[in-house]
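Knowing the structure of chain B, use the given hints to seat chain V with the ligands on it.
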Amino acid sequence: MPAPRSASRPPAHRAGRVRGYFTRHAQNLVGALGRLYDQPLASLMTVAVIGIALALPASLYLLVVNGRALTGSLDSAADVSVYLRREISPATAEALAGRLRERADIAQVRIIDPEEALADFQRLSGFGAALDALGENPLPVTLVVRPAHRQPAAAAALAGELQDLPETELAQIDTEWITRLDALLDIVRRAVALATAILALGVVIIVGNTIRLDIQNRRAEIEIIKLIGASDGFIRRPFLYSGFWYGLAGGLFAALLVDAALWTLSGAVGNVAGLYDSTFALQGLSAGTVLALIGLGALLGWLGSWIAAARHMRRIEL
Amino acid sequence: MIRLQNVVKRYPGGRDALSNLNMHLATGDMAFLTGPSGAGKSTILKLIGLIERPTRGQVVIGGEATSRISRRRIPAFRRRIGMVFQDHKLLADRSVFDNVALPLVIAGVGHRETARRVRAAVDQVGLSGKEKMLPAMLSTGEQQRVGIARAVVATPPLLIADEPTGNLDPELSFEIMRLFKRFNEVGVTVLIASHDLALIERLRGRRISLREGHVVAGYEPAAAGGRHAGPT
Ligand SMILES: Nc1ncnc2c1ncn2[C@@H]1O[C@H](COP(=O)(O)OP(=O)(O)OP(=O)(O)O)[C@@H](O)[C@H]1O
Ligand SMILES: [Mg+2]
Chain B
1 MPAPRSASRP
11 PAHRAGRVRG
21 YFTRHAQNLV
31 GALGRLYDQP
41 LASLMTVAVI
51 GIALALPASL
61 YLLVVNGRAL
71 TGSLDSAADV
81 SVYLRREISP
91 ATAEALAGRL
101 RERADIAQVR
111 IIDPEEALAD
121 FQRLSGFGAA
131 LDALGENPLP
141 VTLVVRPAHR
151 QPAAAAALAG
161 ELQDLPETEL
171 AQIDTEWITR
181 LDALLDIVRR
191 AVALATAILA
201 LGVVIIVGNT
211 IRLDIQNRRA
221 EIEIIKLIGA
231 SDGFIRRPFL
241 YSGFWYGLAG
251 GLFAALLVDA
261 ALWTLSGAVG
271 NVAGLYDSTF
281 ALQGLSAGTV
291 LALIGLGALL
301 GWLGSWIAAA
311 RHMRRIEL
Chain V
1001 MIRLQNVVKR
1011 YPGGRDALSN
1021 LNMHLATGDM
1031 AFLTGPSGAG
1041 KSTILKLIGL
1051 IERPTRGQVV
1061 IGGEATSRIS
1071 RRRIPAFRRR
1081 IGMVFQDHKL
1091 LADRSVFDNV
1101 ALPLVIAGVG
1111 HRETARRVRA
1121 AVDQVGLSGK
1131 EKMLPAMLST
1141 GEQQRVGIAR
1151 AVVATPPLLI
1161 ADEPTGNLDP
1171 ELSFEIMRLF
1181 KRFNEVGVTV
1191 LIASHDLALI
1201 ERLRGRRISL
1211 REGHVVAGYE
1221 PAAAGGRHAG
1231 PT
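First to last, the protein sequences are chains B and V.
The first sequence begins at 1 in my numbering and counts up by one.
The second sequence begins at 1001 in my numbering and counts up by one.
Errors might be hidden in some of the hints.
Result set (SDA-like, lysine to any residue): computed pairs, CA atoms no more than 20 Å apart in a straight line [what the hints assert, rightly or not]:
(1) Lys1046(V) / Met45(B)
(2) Lys1089(V) / Glu223(B)
(3) Lys1089(V) / Arg219(B)
(4) Lys1132(V) / Ala1092(V)
(5) Lys1046(V) / Asn217(B)
(6) Lys1089(V) / Ala220(B)
(7) Lys1089(V) / Ile225(B)
(8) Lys1089(V) / Arg218(B)
(9) Lys1089(V) / Asn217(B)
(10) Lys1089(V) / Phe234(B)
(11) Lys1046(V) / Ser231(B)
(12) Lys1089(V) / Glu317(B)
(13) Lys1089(V) / Glu221(B)
(14) Lys1046(V) / Glu223(B)
(15) Lys1046(V) / Ala220(B)
(16) Lys1046(V) / Asn1006(V)
(17) Lys1089(V) / Ser231(B)
(18) Lys1046(V) / Glu317(B)
(19) Lys1089(V) / Leu227(B)
None of these hints come from the bench; they were simulated from the model.
Isolated chain B (complex conformation):
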């Protein structure tokens, strides 16, 4: 169609157009937020559901992080405890320790004399009174041998060798529960991945459904601006931004939920850690993780609204 004589449009300045593009996006972004604010209760419910859905994988993730920290703080658990025979004197033990320290596969050897061992045991076990009743210290000299390699297999091999020494009554290694804990953590880690995938899908569906209702409610309006020549992209944009805000707020809410849960737990964990003379403290969500959570929420919200918009906009055939 030729332009009419009157249509003396001002020359389209490129910079102006680009600026206009960004201005429009900014307006839509804020406009979408305004619309969510118009229906606070419905919007809050959607945000809460997204938040809860995202809080679950986030908590599981924290469980893994803290489990790691816990096994890490239990360095000594991979040590081999070598209980020497009762008749071995502290001096002989000292000599043996000296020989062991020469070995390349041993990082460190510590001698615990029977008195010290008893005191430790009484303090940690709570059996103080019972041991007092024994009258005589039943404990031998103990060497605590730390392997140079921290893998459970290396520690086990070393324990075998130490068991064969003539001075040894019993060489014991307590890695079994660490191995189990590691395996358990591995399962949880997989569960986190799975839960994240499933709940991410859930968030996409929640947002998609909310946006679908929104589109249905605005059907008349959409039809009108379609008649005036709005492209699908133009019509879709405010809905995409709504989804974006839903997801973003949901991610933020999830972070708050996890933090609140952590806060209620931290007291109890502190007590237990104190009992075991551990400096272990619950780790919260790092700033990076919070950002990732919010980013993930926003991304999923965007995705959900995009899918809903693509599916349902097409139905409004004009």
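Below, chain V with the ligands alone, put in the same frame as chain B:
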């Protein structure tokens, strides 16, 4: 600009709204579609705006057969047509200003330019000072004029209007029609569906008369010159 060739339009479950209709409107022309209710006036305008597709036959707009315009290209196509709807089709929760500005917003026109052009368009339809009002606060005639302002604000080369003066008093109707005529005088092709024969007479407008989906007469007032509008 507009050419309909052997166009049949059958709505689902109805008789033919248009049966083998031919009509032509040259670029820069202005014509009135007339005929009794149900004659097919709105249907023709809907075919031009790609709101409906013909069951048979061809609709050619600006040299392009609409059957070749894909779904994706419809929005760009519609932006070149100013449409005034029989039922206004205004956004109920937006102000007069926002409603009129819509085509410019869609086209990505800048803020200041939009404000200037919206004010001019609103002024042309005599609604200055009512920019901030919502459509529901206006009379039906005023709403109709908001629809007209919105149709012309982006200065499209083709203007189609369905009963644009249906709810206006005779004087205002005449003013609005003169407005359309002014657009036509600066080159806009204008097609208006109207059954206000007296008004069309007074405007010395060219008429395309319909009855039951046929063009029955192309009436040419002497003043309109020798150009032909009507059955081709
Ligand atoms: N969506 C539709 N579905 C079925 N039939 C329709 C539809 N739209 C219009 N029709 C029929 O097509 C015929 C022409 O309708 P149209 O709206 O074009 O008439 P009109 O000339 O604009 O009438 P009016 O002056 O009352 O607006 C009518 O018989 C009408 O019933
Ligand atoms: Mg009609």
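Now for the hints, and whether the structure bears them out:
{"no.": "1", "hint": "Lys1046(V) / Met45(B)", "verdict": "42 Å, violated"}
{"no.": "2", "hint": "Lys1089(V) / Glu223(B)", "verdict": "9 Å, holds"}
{"no.": "3", "hint": "Lys1089(V) / Arg219(B)", "verdict": "12 Å, holds"}
{"no.": "4", "hint": "Lys1132(V) / Ala1092(V)", "verdict": "13 Å, holds"}
{"no.": "5", "hint": "Lys1046(V) / Asn217(B)", "verdict": "25 Å, violated"}
{"no.": "6", "hint": "Lys1089(V) / Ala220(B)", "verdict": "9 Å, holds"}
{"no.": "7", "hint": "Lys1089(V) / Ile225(B)", "verdict": "9 Å, holds"}
{"no.": "8", "hint": "Lys1089(V) / Arg218(B)", "verdict": "13 Å, holds"}
{"no.": "9", "hint": "Lys1089(V) / Asn217(B)", "verdict": "16 Å, holds"}
{"no.": "10", "hint": "Lys1089(V) / Phe234(B)", "verdict": "18 Å, holds"}
{"no.": "11", "hint": "Lys1046(V) / Ser231(B)", "verdict": "18 Å, holds"}
{"no.": "12", "hint": "Lys1089(V) / Glu317(B)", "verdict": "16 Å, holds"}
{"no.": "13", "hint": "Lys1089(V) / Glu221(B)", "verdict": "9 Å, holds"}
{"no.": "14", "hint": "Lys1046(V) / Glu223(B)", "verdict": "14 Å, holds"}
{"no.": "15", "hint": "Lys1046(V) / Ala220(B)", "verdict": "17 Å, holds"}
{"no.": "16", "hint": "Lys1046(V) / Asn1006(V)", "verdict": "16 Å, holds"}
{"no.": "17", "hint": "Lys1089(V) / Ser231(B)", "verdict": "18 Å, holds"}
{"no.": "18", "hint": "Lys1046(V) / Glu317(B)", "verdict": "14 Å, holds"}
{"no.": "19", "hint": "Lys1089(V) / Leu227(B)", "verdict": "9 Å, holds"}
Violation of the numbered hints given earlier is confined to hints 1 and 5; the remaining hints are satisfied by the structure.
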